[in-house]
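> Residues per chain are reported as follows:
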Amino acid sequence: MTAPARQRPLFQLGTTLFSFTNEYLHREYNLEQLIARVAELKLGPGLELIGFSHVRGFPTVSDEFAAQFRGWMDHYQLQPSCLAVNADVAIRRGTLMNDEQAAAYFEPQIRAAAKLGFPVVRTQLVANPKVLELLLPLAERLQIKMGPELHAPWSLEAPVVVAYRELYERLKSPWLGFIPDFGSSARTLPPDYLHYLLHQGMPRNLLDTAVGIWGGPGDVQSKREEFHRRAAAAQADPTVISALSVMFAILSPQDPKAWLSIMPQVIHVHAKFYGFDASGSESAIPYEQLLPVFVEGKYQGYMSAEWEGHMYSQASGFEAVQKLHALARRVLAPYTTAAA
Amino acid sequence: MDNKFSALLLSDTGLRSAPGGLAINIRLPWYRSLPLSVVEVVSLSIDGRAVPTEALGFEINGKSFRHSELADLTGEFWFVLDDAVLRIPGREAAVGEQHDIDLQLNLYPPYIPQLTWATRAKKSLRVEAIQGGRR
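Sequence lines, in order, name chains W and D.
Sequential numbering from 1 applies to the first sequence in the numbering used here.
Sequential numbering from 1 applies to the second sequence in the numbering used here.
Just so you know, the hints here were simulated from the structure itself, not pulled from any lab data.
Each hint should be verified, as a subset may be incorrect.
Unchecked claim - DSSO-like mimics (lysine-lysine), calculated; alpha carbons at most 27 Å apart, straight line:
#, chain 1, residue 1, chain 2, residue 2
1, D, Lys4, D, Lys123
2, W, Lys257, W, Lys298
3, W, Lys172, W, Lys223
4, W, Lys323, W, Lys42
5, D, Lys4, W, Lys323
6, D, Lys123, W, Lys223
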């Protein structure tokens, strides 16, 4: 009797252009040049954009731009995987949109996704589940899947995520899903990032305090409150508080296997990463454990390599994404070769 | 403390002498376009002398605004690749002079309601001629 063949990966890799924030903001590569380089380096086939970063005038998309973008996808043989849209609920400072206003704000962004040929839009947890319920008829008509990014600092058990899971249980729609971001499955904080903060003049005692709270017990809200209380007591500079607040918002700990509980609802993935150790493993996020979970869960969408090291590094996003794709291929190799 | 965007905020050739005052070209210290309603110049000083922010003008998309108007401009976006121009009326300087600029600009990313993103940039800049040179 032979052992059953191992499950082969059903998902495909890709890249979000967010990885190339350095190249783009420094005007070294324009949008088409980024897309061309992704194709040349074989960092597809999935291609993800951020509407408000990569499309001038977004959410308005001209017929000319849509035709040009679709032409690029054909020419460079890439597949539009996901359009990142934004829930700008605090667009008026100090107030929040209600659900109807937030849905109206998303609507042209979802139409833009359809016009450009994206099958999925990435929304954000800051919009209530009710907002997607209001948008569901539009999504059905345009055949666009919608889902919030499950991003740090929230775990799958956080009330904001549970509210979505309850809505999905009630509506049972194939157009609603989730987009895991691996920053919420971190093992630790990236060592390069902590070195950078110290180099920039971050007081060591405040950094130690923040790192201790990050890795300690308690839920997100209590960790944030404790950090802000201690930063205020230390009379920290506002730029220092900004930098440390971001640290809490980009990475948080969670068991990689937790994703199995929502796997049938996963419509896209952000393979977030920062840097690598000497052996080629990600220095803060356990890809060796995460990727097999998505193979075993039979996830069938795209996984966008999303390098966020540009937050503290001027290094090349292209080299970073090449390393992530190499790591992914190494971890997936035992699953792609037929097992005896 | 500088962040990743401090060097982007003020470019080396961004200080210009213009009719009626000084102009400083600035870039958005964030990775995506944002509405002007979440942009705030917190402080600006030239050679250690504070410039009152209410005196500042703000130019983007071929339009001019007073700094005090920004908070209401929820529909006017600063595209992430574009320069905006801060206008400092009544402040004269000759082309070629060096001046120390210290600017703090806060962003309130509208999809992260708890976050204030403070970016500070300090640079000594040479006053350039207005674009196209002096006529």
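> Against the structure, test the hints numbered earlier, and report the numbers of the ones violated in rising order.
3 and 6
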